[in-house]
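Okay, so the sequence shown: first residue is 1 according to UniProt numbering, each after it adds one.
Do not rely on the hints blindly, as some may be mistaken.
To be verified - Derived SDA-like pairs (lysine to any residue); straight-line CA-CA distance at most 25 Å:
no.: 1; residue 1: Lys-203; residue 2: Arg-192
no.: 2; residue 1: Lys-203; residue 2: Glu-156
no.: 3; residue 1: Lys-147; residue 2: Gly-81
no.: 4; residue 1: Lys-203; residue 2: Gly-161
no.: 5; residue 1: Lys-147; residue 2: Ser-57
Derived from the structure by calculation, the hints contain no laboratory data.
Keep in mind it's a predicted model, so treat the numbers as computed, not measured.
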Amino acid sequence: MNLFNRAASLRRSASPTATQLPHDSRAFGQAGPPDPALAALTGEWMIDRAHSRIGFSVRHALVTTVRGAFTEYQSRLYFDGRDPSRSRAEIVLSTASVDTGVEQRDAHLVGRDFLDAATYPRMRFASTAVRLVDSDVYRMTGDLTIKNITRPVDLELTYIGHVTDPFGYERVGFDGTTTINRSEWGLTYNQRLAEGGAMVSEKIRLQFDIAAIRPLPGN
């Protein structure tokens, strides 16, 4: 089973409310002509999980920041360097793969207070529009589904660069970020501090450090 078939299988098990991945997103125009060198990058790409990170950070007890990542996911990416509005992305994550480096905390996060991985084993992001906002900055709008709740989010993506590695694979890098209010996706658990604040911030910053590779011919 190839990567895209695996992603489709995961997609069927994800939220029924999530919209389907569009094949031609033209909702937004672009700020200006993209770098001509990017035209050569047009095509399908796969996230290299060994060199990528899909993570998050959240303020804890007002004074510290907890950071974590999801280690298991499938991706489907198409980048159009000539017309960024045609680019698209889909990522389906295993909620049980959350990793903050503390086993007890991870068990709490996948439990019913937060992600409830037993009931909602998948989260999903599917792009709906992409536009160029600067020479190397893109704005991607998409549907984020967590716990069967789907809401639109905007990601700011920065193009890092393009290389060919010693094994002959073309690699491209993007960094992205967005901030969400977790309660809008049913993540409402909290405790009050004696000083009056909340134990866990409502705001969660999502971070994407993406290294993608172009499949070699025949793969």
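Hints, one by one, checked against the model:
1. Taking the CA atoms of Lys-203 and Arg-192, the gap is near 16 Å; set against the 25 Å cutoff, the hint holds.
2. With a CA separation close to 17 Å, the supplied pair Lys-203 and Glu-156 stays within the 25 Å bound.
3. Of the supplied pair hints, the one linking Lys-147 and Gly-81 is violated, its CA atoms being roughly 34 Å apart against a limit of 25 Å.
4. Pair hint Lys-203 plus Gly-161 does not hold up; C-alpha atoms about 30 Å apart against a cutoff of 25 Å.
5. At roughly 19 Å between alpha-carbon atoms, Lys-147 and Ser-57 fall within 25 Å of each other, so this suggested pair holds.
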